[in-house]
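*Asks:* So the sequence lines, in the order shown, correspond to chains U and S. In terms of our numbering, the first sequence is numbered consecutively and its last residue is 235. In terms of our numbering, the second sequence is numbered consecutively and its last residue is 505.
One or more of the hints may lead you astray.
Stated by the list, open to error - Among the chain U residues that face chain S by a calculated CB cut under 10 Å, a handful are:
#	residue
1	75
2	89
3	90
4	160
5	183
6	196
Unchecked claim - Computed list of lysine-lysine pairs in BS3-like fashion (alpha-carbon distance at most 25 Å, straight line):
#	chain 1	residue 1	chain 2	residue 2
7	U	211	U	159
8	U	190	S	398
9	U	159	U	204
10	S	405	U	61
11	U	228	U	180
12	S	443	U	211
13	U	159	S	484
14	U	159	S	295
15	U	190	S	405
16	S	443	U	53
17	S	489	U	204
18	S	489	U	211
19	S	429	U	204
20	U	180	S	489
21	U	211	S	405
22	S	443	U	190
23	S	429	U	180
24	S	429	U	47
25	S	429	U	190
26	S	489	U	159
27	S	484	U	190
28	S	429	U	202
29	U	53	S	295
These are computed hints drawn from the structure, not numbers from a lab. From the three backbone atoms N, C-alpha and C, an ideal C-beta is built for every residue, glycine too.
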Amino acid sequence: MPKLTLKFKDTKISDFLLEEGRSINIGRRESNDIVIENLAVSGMHAKIDSIDKGYLLTDLKSKNGTFVNGQLVATHWLGHGDTVSIGKHTLVFTYAEGEERSAGGAGGMDKTMVMDTEKYRDMLSKSSGNTAGTIRKKESTGVLSFLAGGDGEFELKKKLIKLGKDASNDIIVKGLMIGKTAATVSKRPKGYYLSYVGGMAKPKVNDVAVKESVLLKEFDIIELGPIKVQFIYKG
Amino acid sequence: MYHIESAGITDVGMRRKNNEDALFLDDQKQFYVVADGMGGHQAGEVASNLVVKTLWDYIKRFNGDDAVEELDDHDESLSTQANRLLAGIHLANKSVYQASQSNEMYRGMGSTVSTVYFTNNTLIAANVGDSPIYLIHDGSIELLSVPHTVLAEQRALDPENSKQLGNEFKHMLTRAMGVNETVQVDLSEIQCFKGDMLVIGSDGLTEKIDKEEIHQVVAKENPEKACQTLVDLSNTRGGSDNVTVIVLKIMDAKFSRGGFFKFLSKIFKR
Numbered sequence: 001m002p003k004l005t006l007k008f009k010d011t012k013i014s015d016f017l018l019e020e021g022r023s024i025n026i027g028r029r030e031s032n033d034i035v036i037e038n039l040a041v042s043g044m045h046a047k048i049d050s051i052d053k054g055y056l057l058t059d060l061k062s063k064n065g066t067f068v069n070g071q072l073v074a075t076h077w078l079g080h081g082d083t084v085s086i087g088k089h090t091l092v093f094t095y096a097e098g099e100e101r102s103a104g105g106a107g108g109m110d111k112t113m114v115m116d117t118e119k120y121r122d123m124l125s126k127s128s129g130n131t132a133g134t135i136r137k138k139e140s141t142g143v144l145s146f147l148a149g150g151d152g153e154f155e156l157k158k159k160l161i162k163l164g165k166d167a168s169n170d171i172i173v174k175g176l177m178i179g180k181t182a183a184t185v186s187k188r189p190k191g192y193y194l195s196y197v198g199g200m201a202k203p204k205v206n207d208v209a210v211k212e213s214v215l216l217k218e219f220d221i222i223e224l225g226p227i228k229v230q231f232i233y234k235g
Numbered sequence: 236m237y238h239i240e241s242a243g244i245t246d247v248g249m250r251r252k253n254n255e256d257a258l259f260l261d262d263q264k265q266f267y268v269v270a271d272g273m274g275g276h277q278a279g280e281v282a283s284n285l286v287v288k289t290l291w292d293y294i295k296r297f298n299g300d301d302a303v304e305e306l307d308d309h310d311e312s313l314s315t316q317a318n319r320l321l322a323g324i325h326l327a328n329k330s331v332y333q334a335s336q337s338n339e340m341y342r343g344m345g346s347t348v349s350t351v352y353f354t355n356n357t358l359i360a361a362n363v364g365d366s367p368i369y370l371i372h373d374g375s376i377e378l379l380s381v382p383h384t385v386l387a388e389q390r391a392l393d394p395e396n397s398k399q400l401g402n403e404f405k406h407m408l409t410r411a412m413g414v415n416e417t418v419q420v421d422l423s424e425i426q427c428f429k430g431d432m433l434v435i436g437s438d439g440l441t442e443k444i445d446k447e448e449i450h451q452v453v454a455k456e457n458p459e460k461a462c463q464t465l466v467d468l469s470n471t472r473g474g475s476d477n478v479t480v481i482v483l484k485i486m487d488a489k490f491s492r493g494g495f496f497k498f499l500s501k502i503f504k505r
């Protein structure tokens, strides 16, 4: 049976043995299995459920949070040596020597589950610490800045931008050799790609003709017939 | 027009009793989808099958450039077909959500969805959840889907801290079909070329086989054989999850270029 060792700072207070099939509650109130008398601890702070061969720690929306190895958690499959911090108290989870160790909740681990979105956002803002506002990485938008054949900037807001002679294109490029749709710029998880579609004139990136697709890097120069644009990230 | 060769299979794996994955392929509409369900009892299967079926029922009504009925979430910046696919995914999300709300047995069920849909001259890849869509182009393999897992999102936000996240976050999704009334879809519309290959899978595929191995198998074998090889490989390595894989090869890509240019290019090719 694995055990939990309750400590205050570096002083050991007591040991609790965990049993398969039995859940335990942790908190300030007397009714808990593990009582921690400290104002930083919520009445019902967290619980540990025995599921299959594993032990799942769940924070019960406590006021000050539950941390495992310094990281704020909503739920966590306990593994050998994990240190759970609640206020200034810690609980160290260990298996006895030679005891079969669950790989941190083998039962649930392969299973896909969906995280409660609210809980997740909450966890994110707490884990990232200092500034809760900065957690959402701003997705930067690509921009084509005209150097020749046009003015100003073209913001790549659409998933797929078409360039060519036809009026249906997003950027209309005139010229005998330009295809109806000559090229496209599309957004993928890795970044923006320029692709050749059709027509006699192939687009060029930094003077190299593009036969198929190429990932655009910031400050790349794109040429297609009479137009010349620079690719830049904005924001 | 693209000429596509396709194949797809799903396998229960070595350790699970049920198969919660679902897939569908249609070469005529050039529509391909994989869904990986979750939820107790039979609910995971119900969810993934409902997603695949609803999405296909929606898509099959349309031909070519037919306009989509105007939906509240119609996105001006997307092509007709991309809007159509998006509308289908939203519909499928709603149907799973409603099924789970109305039946106690299905409460809390959900599914991923990863789909590839071709237009005359582009391909659209869209996903919710963590089922991967890979594009193999010019000797390299790239993920076209966006994995909606806690681990992947944390890695992108904060690479240093994400190392401390436990393994349980690997399979913890931040979004899924049928869990909420609405869902946010990641989508890209891109150009693809003759010789390109696509692989759509459930996470059971990538659990045991890394993307370079997938690349090697798919590049070497025809779609049907490649699917079987990948499933066998996953099962040999323990097959702890259901495995589903669809392999697509672009055999030919022909676009209309207009008379004058067709004429010109004929001359130049001589």
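*Asks:* Starting from residue 190 of chain U, check that the Cα of residue 398 of chain S is at most 25 Å away, please.
*Replies:* Answer holds: residue 190 of chain U to residue 398 of chain S is near 21 Å, not above 25 Å.
*Asks:* Holds or violated: residue 53 of chain U and residue 295 of chain S, Cα atoms, limit 25 Å.
*Replies:* With a Cα-Cα distance of about 46 Å, the restraint between residue 53 of chain U and residue 295 of chain S is violated, given a limit of 25 Å.
*Asks:* Hey, residue 489 of chain S versus residue 211 of chain U, does the alpha-carbon distance stay inside 25 Å?
*Replies:* Holds - the C-alpha atoms of residue 211 of chain U and residue 489 of chain S are around 15 Å apart, at most 25 Å.
*Asks:* Take the C-alpha atoms of residue 489 of chain S and residue 159 of chain U, compute the straight-line distance between them, and say whether it is at most 25 Å.
*Replies:* holds (22 Å)
*Asks:* So if I understand the rule, the pair passes when the alpha-carbon distance is 25 Å or less; does residue 489 of chain S with residue 204 of chain U pass?
*Replies:* Given pair residue 489 of chain S, residue 204 of chain U holds - Cα atoms ~22 Å apart, limit 25 Å.
*Asks:* Hey, residue 211 of chain U versus residue 405 of chain S, does the alpha-carbon distance stay inside 25 Å?
*Replies:* violated (38 Å)
*Asks:* When the nearest CB of chain S is found for residue 89 of chain U, is that gap smaller than 10 Å?
*Replies:* violated (20 Å)
*Asks:* With the threshold set at 25 Å, check whether the alpha-carbon distance from residue 159 of chain U to residue 484 of chain S stays at or below it.
*Replies:* Holds, at roughly 23 Å.
*Asks:* Holds or violated: residue 159 of chain U and residue 295 of chain S, Cα atoms, limit 25 Å.
*Replies:* holds (24 Å)
*Asks:* For a C-alpha distance cap of 25 Å, please report whether residue 159 of chain U and residue 204 of chain U respect it.
*Replies:* The hint holds at about 21 Å.
*Asks:* When the nearest CB of chain S is found for residue 183 of chain U, is that gap smaller than 10 Å?
*Replies:* holds (9 Å)
*Asks:* Have a go at the residue 75 of chain U hint: is there a Cβ in chain S nearer than 10 Å to its own Cβ?
*Replies:* Holds, because the Cβ-Cβ distance from residue 75 of chain U to chain S comes to roughly 7 Å (cut-off 10 Å).
The structure does not agree with the numbered hints 2, 3, 12, 21, 24, 29 stated previously, though it agrees with the rest.
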